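So you can see what is in the structure, the chains are spelled out below.
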Amino acid sequence: MGVGIEVESLNAWFGATQALQDIGMRIAPNHATAIIGPSGCGKSTFVRCLNRMHETLPETRVTGKVRIGEMEVYGDGTPAVLVRRQVGMVFQKPNPFPAMSIYDNVAAGLKLNGFRDRRKLDEIVERSLRMAALWDEVKDALKKKSGASLSGGQQQRLCIARALAVEPNVLLMDEPASALDPISTGKIEDLIFQLKENYTIVIVTHNMQQAARVAEFTGFFLLGRLIEFAKTEKIFTNPSDKRTEDYITGRFG
Amino acid sequence: MRTGSRLPDETFRYAMIACGLSVAVVLGLILYELVVNSSLSLHQFGWRFFISQTWDPVKDQFGALPFIYGTIVSSIVALVLAVPLGVGVALFITEMCPQRLRGILSFSTELLAAIPSVIYGLWAIFVLVPILRLYIEPGLMRYFGWTGLFEGPPYGIGMLAAGIVLAIMVVPIISSLTREVLSAVPRNQREAALALGSTRWEMIRIGVLRNARAGILGAVILGLGRALGETMAVTMVIGNRPEIAKSLLAPGYTMASVIANEFTEATGRLYLSALVEIGLALFLVTIVVNALARLLVWSVTRGLPARVHAQ
Amino acid sequence: MRNKAGARSEQISWSRRFGDHLFTALAVAALLLVLLPLAAIFADLLERGIGSINWAFLTRTPAPVGVPGGGMANAILGSGVILGIATAIGVPLGIGSGVFLSEYGRNRFGDVIRFTADVLNGVPSIVIGIVAYSLVVLRQRHFSALAGGVALGIMMIPTITRATEEMLLLVPVSVREAALGLGISRWRTTVSVTLRTSAAGIITGIMLAFARVAGETAPLLFTAFGSQFWSTNINQPIAALPLQIFVYAISPYDEWHRQAWAGALVLIALIVGTIAVVRLIASRGMMKGTT
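Residue numbers (my numbering), protein chains in the order written: chain A, 1 to 253; chain B, 1001 to 1311; chain C, 2001 to 2291.
Source of the hints: derived by calculation from the structure; they are not laboratory data.
None of these values were measured; they are calculated from a predicted model.
Positions of the beta carbon are idealized from the N, C-alpha and C atoms, including for glycine.
Check each hint, because a few of them may be wrong.
[To be verified] Just some of the chain C residues that point at chain B, by a computed CB distance under 8 Å: (1) Leu2026; (2) Leu2033; (3) Gly2096; (4) Leu2101; (5) Glu2103; (6) Phe2115; (7) Val2119; (8) Leu2120; (9) Ile2130; (10) Leu2182; (11) Arg2186; (12) Ala2211; (13) Pro2237; (14) Phe2246; (15) Pro2252; (16) Val2272.
[Unchecked claim] Computed footprint of chain A on chain B, listed as stretches where at least three residues anywhere in the stretch have a Cβ under 8 Å from a Cβ of chain A: (17) 1182-1195; (18) 1202-1214.
Here chain A stands alone, though its shape is the one from the complex (with noise of 0.2 Å):
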């Protein structure tokens, strides 16, 4: 079952300027939350913090607290590895392991962590493609095909089986459909309908009717800043910041 996040004065920053300020954030478990706001307004940028994939760009930083279940995030004895291996993240543009066929694609974190089974293995795989929807179209050239040979919407479907198959606690997703086309994206958006029953979703997007199809809360960013945050509805409905309604009835960004 997925786990609940809590964030506590988080901040980030690319070399000398401040990506985000003050993060504070209680995110439920077994729901899917959305961030929104405008671009550069450091929506990435936070998910990137939860699972420590900020650090990996080159002169960043990051202080503050963030807590997954149990796991001190930037713990001093928390190696950033596991705190990954916990978190499934899905980006922006599907990247798949071009020299991988699909079956190896999915499998790839497990074997990392030494699964050798292969009974299990095949099983597990399986599942994670049809939990991804996408089992029915690629079981006949699993170990045929290279991940880079399908479509846009089916790699960053099996992004997502790849993300699942290590059984994380919490999936982010950074703007998973903004290079797909409507039909995949829709696919994409009736998934997290059905994932979020057992994993605890963190979507960002720059689509605010995806926001509201998808989540039950809804995180809104400007300038580095949590403006608000509360339940989609009450964000889409009955904005308690002057600077959320505007975003949301198109007056900027």
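Starting from the known structure of chain A, arrange chains B and C on it as the hints suggest.
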């Protein structure tokens, strides 16, 4: 006015095309001259030239096998040493080293590529060879003598010395091209691997190396091309003896070295022709090797502007 | 659905951590092993070469065996003559074919020439030497500076070609269009706008090509041949610094060995100096580009 100004435009265009063609003409000319000047030997010996071990200018008997053997073995030794070093350095510079060090390290490898062959040779004769003779070769004989690869008196000069010098010369080629290939691997592949919970090594293995395999192979093959044709440094330390020996400590001879040493002394027409034929073989092999390498590198970096590599 | 949440390992396994450390250690070791000979070569060149560089070395011709003193002045001059000829051949053809590739070569034919240039770049220098021998020496019936210059000139072409092309491609289309829009003819645009804009980059490429052939020895063995005397006659055999280093290095005389080291130090100073100037131009060019 408009029609009048076309003449200089066209003239300029044809002049530039002529310059471009000159590149192809030069390559064609090289092939032509090599074939014409080796025809005597080509007719006299045919394919036997490449499988015969006899190199006897006095009796006008010429076989290139010892040189082919020496060229291949010294190049293999060089690659065995240079590939892990070159790829390791490239990985260190692109994936691990702090931004500040990057510039100075790539400049250093660039410098290594700028040192002329003859200076490598000079250094090898007076510094490397004594070290090999006194310390390294006796050690290799003691511990690895049973392989048969390290037997006979440790002269210092020989196949091993040539291979080591070649390795030092080939490392910058392999590492600079590998760096180019590695940086052509998109960042999202690294992120995909990291997000799955990879350690740095695992990220490099599945997110980088796996995608760059073909290009790195290309870099290695380009290094091979350089090693096959390298002349001066090898000539100065390989011992120049046209014999096939299993031991790497024994002196050998390469195709390029025999041309360098004997071309000005070649008195008979057949002798000279045989040397040119060795040059022809070297030319054809390096062309195939280079073409193959370019194609492999392009397969990874295609879309990026091709760069001038072999500095 | 996720029944074995408790079975998840909360540690990174020993073997994974070991693999990571081992890789890091190996990469650092590779770097050190590569930097070691670099440092050693420069240290040895300085240590052994500097003592033998003196006024005589830079102004005299070689002394006969056993006679102390003498120098490599004629070899330095000879290298200058040969490189001058090479530059006269390599630079115009190289720039021309670079212009061809960038301005008229965005097609199949251009691809073939581009590929040919890359292949020519990989032809062993000793083979180029044979060709210069048969093209020039066989016709002139004797070794000559000209033959050496031809060999090195051929070697400069592909490097300059690709450098020129690369630099010209960096010139934005808008710059060309601006000139064409003013009614300047195409060839004038290419020569006085495109080429001029990228002049710093092209000079950089030329100097790198120069540095690369300046140390070439193999193609000079049977073209320039070497000489013990002063000469600037391009139709006569001529001394060259790398050739002289080679001859002295493989000789049995200590005095000549010392001179070989001194010559090597002069040669490497020339090459590293060229590269340093190139770096300077390149960094200044870059600053210009960003403002």
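Tested hints:
A distance limit of 8 Å between C-beta atoms decides the matter here; for Leu2026(C) the minimum to chain B is near 6 Å, and the interface restraint holds. About 6 Å separates the beta-carbon of Leu2033(C) from the nearest beta-carbon of chain B, less than 8 Å, and the hint is met. Interface restraint check for Gly2096(C): the shortest CB-CB distance to chain B comes to about 3 Å, inside 8 Å, so the restraint holds. Evaluation of the Leu2101(C) hint against chain B yields a held restraint, the C-beta minimum of about 6 Å falling below 8 Å.
Interface hint status for Glu2103(C): upheld, as the beta-carbon distance to the closest one in chain B is roughly 7 Å, under 8 Å. This hint holds: Phe2115(C) has a C-beta 7 Å from the nearest C-beta of chain B, less than the 8 Å allowed. Against a cut-off of 8 Å between C-beta atoms, the interface hint on Val2119(C) holds, since the closest Cβ of chain B lies about 5 Å away. The closest approach between the C-beta of Leu2120(C) and any C-beta of chain B is roughly 5 Å, which is under the 8 Å cut-off, so the hint is satisfied.
Of the supplied interface hints, the one on Ile2130(C) holds, with its beta-carbon coming within about 5 Å of a beta-carbon of chain B, less than 8 Å. The closest approach between the C-beta of Leu2182(C) and any C-beta of chain B is roughly 13 Å, which is over the 8 Å cut-off, so the hint fails. For Arg2186(C), the shortest C-beta to C-beta distance to chain B is roughly 5 Å, which falls under 8 Å, so the interface hint holds. Here the hint on Ala2211(C) is kept, as its CB sits about 6 Å from the closest CB of chain B, short of 8 Å.
Given the 8 Å rule on beta carbons, the hint for Pro2237(C) is violated: about 11 Å separates it from the nearest Cβ of chain B. Checking Phe2246(C) against chain B by beta carbon gives a least distance of about 5 Å; that is within 8 Å, so the hint holds. Hint on Pro2252(C) is violated. Least Cβ distance to chain B is approximately 12 Å, over the 8 Å limit. The interface hint given for Val2272(C) is met, as the beta carbon of that residue sits about 7 Å from the closest beta carbon of chain B, less than 8 Å.
Counting residues of the segment 1182-1195 of chain B whose beta carbon lies closer than 8 Å to any beta carbon of chain A gives 9, which meets the minimum of three for the stated coverage. Counting residues of the segment 1202-1214 of chain B whose CB lies closer than 8 Å to any CB of chain A gives 6, which reaches the minimum of 3, so the coverage claim holds.
The structure does not agree with the numbered hints 10, 13, 15 stated previously, though it agrees with the rest.
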